[in-house]
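K.L.:
Each chain, written out:
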Amino acid sequence: MSRLLTALFGIVLLGIAGFILLSAPRTVNAAAYSGLAGDAAKGELVFWAAGCASCHAAADATGADELVLAGGQQFPSAFGTFVAPNISPDPMQGIGGWTLVEFANAVTQGVGKDGEHLYPALPYNAYNKMVPQDVADLKAFMDGLPASAEPSKPHQVGFPFNIRRSLGVWKLMFEKTDWVIAGDLTPEQTRGRYIAEAMAHCGECHTPRNALGGLQRAAWLSGAPNPDRKGRTPNITPAKLTWSKADVVEYLTSGFTPEFDSVGGHMAHVVENMARLPESDRQAVAAYLQLVPAVE
Amino acid sequence: MKKRLIAFTTMAALTAFGVYAQDAEDPFADAVETRHGLMLQMASDLGTLGGMAKGEVAYDKAAATKAAANVAAIASVISMAQFPAGSENGKSADSYALADIWAKPDDFMAKITDLNNAAAMMQTAAATDANAIKASMAQLGGACSACHKAYRQPES
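Protein sequences appear in the order of chains R and C.
Just so we're aligned, residue 1481 is where the first sequence starts under the working numbering, counting upward by one.
Just so we're aligned, residue 671 is where the second sequence starts under the working numbering, counting upward by one.
No lab work stands behind these hints: they were computed from the structure.
Glycine residues also receive a C-beta, built at the ideal position from the N, C-alpha and C atoms.
Mixed in with the good hints there might be a few duds.
Stated by the list, open to error - So the derived list for chain C, only partly shown, Cβ under 10 Å to chain R, looks like this:
(1) Thr-704
(2) Leu-708
(3) Gly-720
(4) Tyr-766
(5) Ala-769
(6) Lys-819
Unchecked claim - Subject to a maximum C-alpha distance of 20 Å in a straight line, what follows is the list of computed SDA-like cross-link-like pairs (lysine to any residue):
(7) C:Lys-724 x R:Glu-1739
(8) C:Lys-724 x R:Pro-1758
(9) C:Lys-724 x R:Gly-1711
(10) C:Lys-724 x R:Arg-1756
(11) C:Lys-724 x R:Leu-1757
(12) R:Lys-1710 x C:Ala-797
(13) C:Lys-724 x R:Asp-1540
(14) C:Lys-724 x R:Asp-1727
(15) C:Lys-804 x R:Ala-1755
(16) R:Lys-1710 x C:Lys-804
(17) R:Lys-1710 x C:Gly-725
(18) R:Lys-1725 x C:Ser-762
(19) R:Lys-1710 x C:Ala-790
(20) R:Lys-1710 x C:Ala-805
(21) R:Lys-1725 x C:Ala-808
(22) C:Lys-804 x R:Glu-1759
(23) R:Lys-1710 x C:Ser-762
(24) C:Lys-761 x R:Pro-1738
(25) R:Lys-1710 x C:Asp-770
(26) R:Lys-1725 x C:Tyr-766
(27) C:Lys-724 x R:Asp-1741
(28) C:Lys-804 x R:Asp-1741
(29) C:Lys-774 x R:Asp-1545
(30) R:Lys-1710 x C:Ala-800
(31) C:Lys-804 x R:Asp-1545
(32) R:Lys-1725 x C:Pro-824
(33) C:Lys-774 x R:Asp-1540
(34) R:Lys-1725 x C:Asp-764
(35) C:Lys-804 x R:Trp-1723
(36) R:Lys-1725 x C:Ala-800
(37) C:Lys-736 x R:Val-1611
(38) C:Lys-724 x R:Ala-1539
(39) R:Lys-1710 x C:Leu-768
(40) C:Lys-774 x R:Ala-1539
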């Protein structure tokens, strides 16, 4: 509790100090997107790798319903409960009619259509590492999904977190565009890093956060309390995850652990998504995990 | 895990005769232990199949078909009988079952049916070759995790 109070106090102070200068939303370089044509078939793979449906479809959606991105799922956090909005192609309730740049601003910069900051519950801190072509492909795929006229529901977030402008300061402190795992990587490891850090946002769940909700990159993937305060998301650095590469690939394909227990919780969504990618991609993620520094 | 498997053998014998001794403090202790035993036994048989799917052990038709038959047999036993209402996480020691099971019994039963269908497919695959097992693993794993995702509290 006292941590939360300190955090609150800190955020208010930071908010006031930096408000005017630092909190203006920053958008993508539109030139990087001009003239890009999206390929819907490639976009489908980006869509699953990035796990958009896991948050924006109904929580228990299966089959074709997973493509109805009407929103409504709730995400409890220390700062309040966020509700996923409708991002189906509906022109009134969804994001139908958004330009590619507007879409890229939301997904990769956390800046909404009207220039407002979006909450990092949308993992733009990972998606900011996606290349523009993937974003264009993703949009082309999503443009073809079924429209839903379901209105988006408001977040249940109290003061001061309901002031979107103060998120600008948060972004300055915690938004990172560089890779966590740097250095010389093989092509397979590079692909794995791209999937894990830029799309599948493994770190959003597996990395601990500081009091202000920023990811502790020095403790990358070393486990964290679940946001709903029930249990922990496991440490998957080599200190604790001693599985072979084949074990990790099997887990990401069928959800089976080496003991043949099966995956549960939020990770089950991730496995469903990973299972739709080519096997070489799951191999790549497994290769990437072996590179992560061991954290006890 | 080994210990639990041994405990399971005893439990399985009890289940076979439909015996559920009532524990005064935790009336659901036996049901919870039985279902854990069933789940763990499936996991153990899947270990045989999974080793072949991963290429860690050579394909052995006899071992594979036996393991797949075991999974199918256990799947056919899983029912509401091991999930008495109220035996959820927080109310019964060791239970990680979620109360939603009794809020949506039809869906829970449908997931048991899915498990049985996937287990039947695995029986065919097990009699074919390691590649068929590998392909079937994802299907079967999907049936396990679809139910775990909805009705089981993660342990960690």
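K.L.:
None of the hints should be skipped; say for each whether it holds.
P.N.:
Status of each hint after checking the structure:
no.: 1; hint: Thr-704; result: violated, 17 Å
no.: 2; hint: Leu-708; result: violated, 13 Å
no.: 3; hint: Gly-720; result: holds, 6 Å
no.: 4; hint: Tyr-766; result: holds, 9 Å
no.: 5; hint: Ala-769; result: violated, 13 Å
no.: 6; hint: Lys-819; result: holds, 4 Å
no.: 7; hint: C:Lys-724 x R:Glu-1739; result: holds, 13 Å
no.: 8; hint: C:Lys-724 x R:Pro-1758; result: holds, 16 Å
no.: 9; hint: C:Lys-724 x R:Gly-1711; result: violated, 30 Å
no.: 10; hint: C:Lys-724 x R:Arg-1756; result: holds, 18 Å
no.: 11; hint: C:Lys-724 x R:Leu-1757; result: holds, 18 Å
no.: 12; hint: R:Lys-1710 x C:Ala-797; result: violated, 42 Å
no.: 13; hint: C:Lys-724 x R:Asp-1540; result: violated, 30 Å
no.: 14; hint: C:Lys-724 x R:Asp-1727; result: holds, 8 Å
no.: 15; hint: C:Lys-804 x R:Ala-1755; result: holds, 13 Å
no.: 16; hint: R:Lys-1710 x C:Lys-804; result: violated, 33 Å
no.: 17; hint: R:Lys-1710 x C:Gly-725; result: violated, 36 Å
no.: 18; hint: R:Lys-1725 x C:Ser-762; result: violated, 37 Å
no.: 19; hint: R:Lys-1710 x C:Ala-790; result: violated, 35 Å
no.: 20; hint: R:Lys-1710 x C:Ala-805; result: violated, 34 Å
no.: 21; hint: R:Lys-1725 x C:Ala-808; result: holds, 17 Å
no.: 22; hint: C:Lys-804 x R:Glu-1759; result: holds, 12 Å
no.: 23; hint: R:Lys-1710 x C:Ser-762; result: holds, 17 Å
no.: 24; hint: C:Lys-761 x R:Pro-1738; result: violated, 30 Å
no.: 25; hint: R:Lys-1710 x C:Asp-770; result: holds, 16 Å
no.: 26; hint: R:Lys-1725 x C:Tyr-766; result: violated, 29 Å
no.: 27; hint: C:Lys-724 x R:Asp-1741; result: holds, 16 Å
no.: 28; hint: C:Lys-804 x R:Asp-1741; result: holds, 16 Å
no.: 29; hint: C:Lys-774 x R:Asp-1545; result: holds, 19 Å
no.: 30; hint: R:Lys-1710 x C:Ala-800; result: violated, 39 Å
no.: 31; hint: C:Lys-804 x R:Asp-1545; result: violated, 27 Å
no.: 32; hint: R:Lys-1725 x C:Pro-824; result: violated, 23 Å
no.: 33; hint: C:Lys-774 x R:Asp-1540; result: holds, 12 Å
no.: 34; hint: R:Lys-1725 x C:Asp-764; result: violated, 31 Å
no.: 35; hint: C:Lys-804 x R:Trp-1723; result: holds, 18 Å
no.: 36; hint: R:Lys-1725 x C:Ala-800; result: holds, 19 Å
no.: 37; hint: C:Lys-736 x R:Val-1611; result: violated, 49 Å
no.: 38; hint: C:Lys-724 x R:Ala-1539; result: violated, 31 Å
no.: 39; hint: R:Lys-1710 x C:Leu-768; result: holds, 13 Å
no.: 40; hint: C:Lys-774 x R:Ala-1539; result: holds, 15 Å
Consistency note: the structure conflicts with the earlier hints numbered 1, 2, 5, 9, 12, 13, 16, 17, 18, 19, 20, 24, 26, 30, 31, 32, 34, 37 and 38.
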